[in-house]
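Fit chain Z to the supplied structure of chain P, relying on the hints for placement.
Number of protein chains: 2
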Amino acid sequence: EATRLLTERQIKKHGNHPRSHGRTRHGHGRRTYKWIHGELKGNIPLQFLAWVSYPLMFILFSSLFCHLVAPQAIGSGIPELKTILRGVVLKEYLTLKAFVAKVLGLTLALGSGMPVGKEGPFVHIASICAAVLSRFMSFFSGVYQVNILTVGCAVGVGCCFGTPLGGVLFSIEVTSTYFAVRNYWRGYFAATFSAFIFRVFSVFNKDAVTITALFRTNFRMDFPFDLQELPAFAIIGISCGFLGAFFVYLNRQVVLFMRRPNAMTRFLTRHRLIFPAVVTLVIATLTFPPGFGQFMAGELMPRECINSLFDNFTWTKISGSPLPVGLGRSAAWLHPDVSVFIILLLFFVMKFWMSAVATTMPIPSGAFMPVFILGAAFGRLVGEIMATLFPHGIVFDGILYRIIPGGYAVIGAAALTGAVTHTVSTAVICFELTGQISHILPMMVAVILANMVAQGLQPSLYDSIIQVKKLPYLPELGFGHMSQYNIFVEDIMVRKVKFISSQSTYREVKLLLDSSSLKSIPLVDSRGKRLNADFNLNSCHKLNQSRLRDFPRHESDADLAPYSLLQITAWEEKEMDKPMEIDEIRVDPSPFQLVERTSLHKTHTLFSLLGLSHAYVTSIGKLVGVVALKEVRNFTAECVSGFSLVEFLNLKDIFNSSEAVMFPPVSLLSFGCFCLILVSNKQTNRFLQSLDEDYPRLNP
Amino acid sequence: EATRLLTERQIKKHGNHPRSHGRTRHGHGRRTYKWIHGELKGNIPLQFLAWVSYPLMFILFSSLFCHLVAPQAIGSGIPELKTILRGVVLKEYLTLKAFVAKVLGLTLALGSGMPVGKEGPFVHIASICAAVLSRFMSFFSGVYQVNILTVGCAVGVGCCFGTPLGGVLFSIEVTSTYFAVRNYWRGYFAATFSAFIFRVFSVFNKDAVTITALFRTNFRMDFPFDLQELPAFAIIGISCGFLGAFFVYLNRQVVLFMRRPNAMTRFLTRHRLIFPAVVTLVIATLTFPPGFGQFMAGELMPRECINSLFDNFTWTKISGSPLPVGLGRSAAWLHPDVSVFIILLLFFVMKFWMSAVATTMPIPSGAFMPVFILGAAFGRLVGEIMATLFPHGIVFDGILYRIIPGGYAVIGAAALTGAVTHTVSTAVICFELTGQISHILPMMVAVILANMVAQGLQPSLYDSIIQVKKLPYLPELGFGHMSQYNIFVEDIMVRKVKFISSQSTYREVKLLLDSSSLKSIPLVDSRGKRLNADFNLNSCHKLNQSRLRDFPRHESDADLAPYSLLQITAWEEKEMDKPMEIDEIRVDPSPFQLVERTSLHKTHTLFSLLGLSHAYVTSIGKLVGVVALKEVRNFTAECVSGFSLVEFLNLKDIFNSSEAVMFPPVSLLSFGCFCLILVSNKQTNRFLQSLDEDYPRLNP
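Sequence order for the protein chains is P and Z.
When we follow my numbering, the leftmost residue of the first sequence carries the number 1, and every step to the right adds one.
When we follow my numbering, the leftmost residue of the second sequence carries the number 1, and every step to the right adds one.
With the rest of the complex left out, here is chain P (with noise of 0.2 Å):
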């Protein structure tokens, strides 16, 4: 068993390595951007062009490649594993053919330069990942383990940044509703294999001398900061949290503005790649070194960003006079004429909307490492005003202790990316990040604060996403209300419920089948009889085909002249008649189901751990009723919306009193058991559409 696991676990390194390979290739694609740039130094026309031109190039190629391979690959891929995760299986998301598009859009997506990230799509990969060797797997020991995505996500994380603890951390908080603590240290496992050979690859390539932090900082251990510094870290912390909650608004406004329909969204929608050119060529343009990119550091690429916005420098001081030995790309931020104050706010503000439509574009990318940098940004600009208002430090017992921006730009980057993503392993992962815990306590209160403030106020990125998309996930109760205890399945159930029963004619299936686009369909006993089959439509659909055709298809196709048409549908209209051949189909025998008494709260807990997307309730074995997601989900929703009990229970006097002329009294379904049949949305539309076939064939 050990032996398979690790197995696995192999594949999946083996797995990460053209990952790792393409951080080298795009590593290379900039250099070359940067080499066709100075090459073209004094050429202005010419250097922006190459400037422009090289992005779009990526991007238009990314977008279309996506388009054309797997448009499942667009996007970040958290907000639909988190709803696969949730029990609801979105097959087209955990195939190859996404796993290719991803992996080539997203490093085509890397090397632009562009502000978008590749935590998202690294998740969305290693899950696929998990997902085919759960596939593979599946052929030696037959089952099929969800749980395997769980750790896929860890791994992505893990292995995106080199920090297994914060992967886990946060994979576990951004996917998961319930989590078994059995998964976690497979996560454990997983992601530090990934991480491992993450940073031993870049040992290899020389890129390290050994195994490190991938943003390593190196601020002073033996006093990190002082207690009177507190204040400046929970006004990040609290900022963050508006800032992170704005973030997500405009995305989300983004967004919903390219939906809306109107002349120019119809124009963009049908020449796709019209929409992400606009949006480089206006960011590449706005970053352009010698233009105005010298005002907000454009020349620095994402990685470089990071390594100069936590350096160990205070830029307020050194600028003016001569650079430092070992300043290196931090000089970008130095402008000779303009404050580093103003370059910073620019900065910031400039990528904060930059990042906010970049990672709308239709390519993979993530919002992780642009909100990241954005926060790294907002920090420092604390800090150095910090390092302006204490320019000689901070006396201790006697000793002065000068400000460090660069820790203020750690906390800033943790607290920015928790506000957003709504979790507080974003610190988890700064620690592992920059190689220093030192900060852990002011960083654990900032993303705290910035959590407490972005969650009042706006949903996480993640579940904005899932909104917009309208995948078919369930919001999470909040905590402490009271309605979620007194609010009853009875009272939230749908008492109308379509079910079928070994009686019910050929007539009978079709018109319930036509009229409903329902997935299952309980199976009832009116006498008793137990049914024990897993109902498959397919079978279903057969018959009913085999049935209809017997008698006309003899002769149909050649003539129709020895039957007349009349004598054709009375043979249809009484085959029709003839009850269904249930007992040659399976039946799944196990549904799940509920007693009328079960509170919200119960039902909510089950729904999410099970992933059920219904339920039936049944009061002495009798069906009465049938709870959905939809249900759930809507009354979660009023629960977690501050509903107040008063209005509630009012509510549900008239729902009550209402009951018996709203719905079709209960006692009529007295049956004695009840099943499912699993019938798929496809498979029902293509039973009908045979059926129709036929029509008109034998209609005139």
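Take the hints with a grain of salt, since some may be wrong.
Each pair may be met inside one copy or between any two copies, as identical chains are not told apart.
Unchecked claim - Once the Cα atoms are required to be at most 30 Å apart in a straight line, the calculated DSBU-like pairs of lysine-lysine come out as:
(1) K498 <-> K630
(2) K470 <-> K97
(3) K496 <-> K574
(4) K510 <-> K97
(5) K602 <-> K317
(6) K91 <-> K602
(7) K470 <-> K317
(8) K498 <-> K602
(9) K602 <-> K496
(10) K630 <-> K602
(11) K578 <-> K510
(12) K510 <-> K630
(13) K91 <-> K469
These aren't lab readings, by the way, just hints derived from the structure by calculation.
Same frame as chain P, now just chain Z:
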């Protein structure tokens, strides 16, 4: 809502104060201890007396206090909490009495300097705070939240070492099977603030200049370790796995030995203070610094041990030469005549059994800290060996990097605690304790390897205690065991269900209660009539009693003459044959139901998540069986212990073929509905007792 939560934390933080003060207090205690020891220098017998009597006094008082006030305060508390969070309420463990006993007992135990920890007791104390608070808050909101206990656990670990992250993760890993991610955030919140207050107190107390890690290390960060050192880290991990398993084994054997019924243990049970006294005496004698203690750094208190083991020196290099400045307490490890290796080895071996024995004393004591020290000593030993093997360090890129034995000690500590507790979050605790994260990858690898080995050999220390104490806990399903999907509820359920119906007579109920010790009885209805009330035995008991007493009681006390004994018995018999008046009694309307084909995996999940103690199995509303925690536990244990699939399937066949013979025909129980009667064991006994009391008076 947020304010309420905030207030809770505020109060909880105040709840933490006694603990921080406690720490300081026993800090003073130790100082006194040392001062006495120093004053008596030269007078070895007196010194020995002081050295031995001091811990003896503390331990005896702690043991006596716990025994008198609340025996529940004895031990770690984590196993009990794990059981409580599993759903089985052990009420006596969450009382104010237990709180007082635990706080005082723990302070005394820690002050004694015995190798006992504080993590488990801290978790227990914080959980009692949480439970008391929760009960207090429920006056206002009316809702009792079990969730708050999880948060309490996190706070316990968090404020024990000032490690909020590790605290949350460790408490999740140790106590939960399924974890609601929404509690995660709350845990972080509470743990951060508790750790914050804990560390701010140490700043106010002038123990530290600012908020830093508790056991801050100062290893070089630019090149923390070389890839060539990885095998050594892996060896530490694997060895710690074996050692951890052995520790758990040894600890259990000591407990089991003490529980074996023989003359000695009976004597010890009668004189409870003898066992702790002897253990304390032996340990104190062996660690006496001028005696044997000089060969095992006996003078060091636990905290000094950790600080010195994590230091930045290489002891093998400095032993012999004049001691460098800043060595501090580490000097205790350097004996002029004996090699460092021997001292470390002696320390490890002696402390190993001492810790295993000391944690079984009847005082509030955890095992985390002693194991942590053991692991650090083992890691240090390996580190020193490595430093001897490579005296000039490891060459990389032409630069010599010397080996840091302190880094090995940190990894050893994380690996051994991880192996004993079966958690990976000990790595996080280590980062937070040391304030350095540069060793993250080798540490994660070592912890995971240690976990792999230890999990294969022994249960975790807490699970071992649960087993020994026979607490009602459900073990986890091993991963990938096929059988969990192939075993269905119908295979494991007890088919001979005892039930009562609305027609049951008092006689039937009495017989049922006489013959079983069930806590609840399903209430079925033979005619499809529905019953909706929470059956409470208290009222049932009253009903029974009043009916039985109605007739004879008027005169029975005065004189039994007017009615012959036969008459009374006849009346009683007649009354006993009347049906019970269930309609007047409340019955739980929504007992948990499963259908026959529910898989063991699903059943286990439901039991774990919902904290069920039993569930009824129905077929078309008919009650066909019952599954209790016991059955699920037994079958899960079989699954986990590597019950092979083939064997099981054979067993299943035998089971199926013989079931008609073994069990009464299922069809006998053809009832339309069932409900639960909640009957507590105590009440049953009292009821039967009251019946018995009546009889002798009537019978001659």
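(message) So, against the hints stated earlier in the document, which numbers end up violated here?
(response) 4, 5, 7
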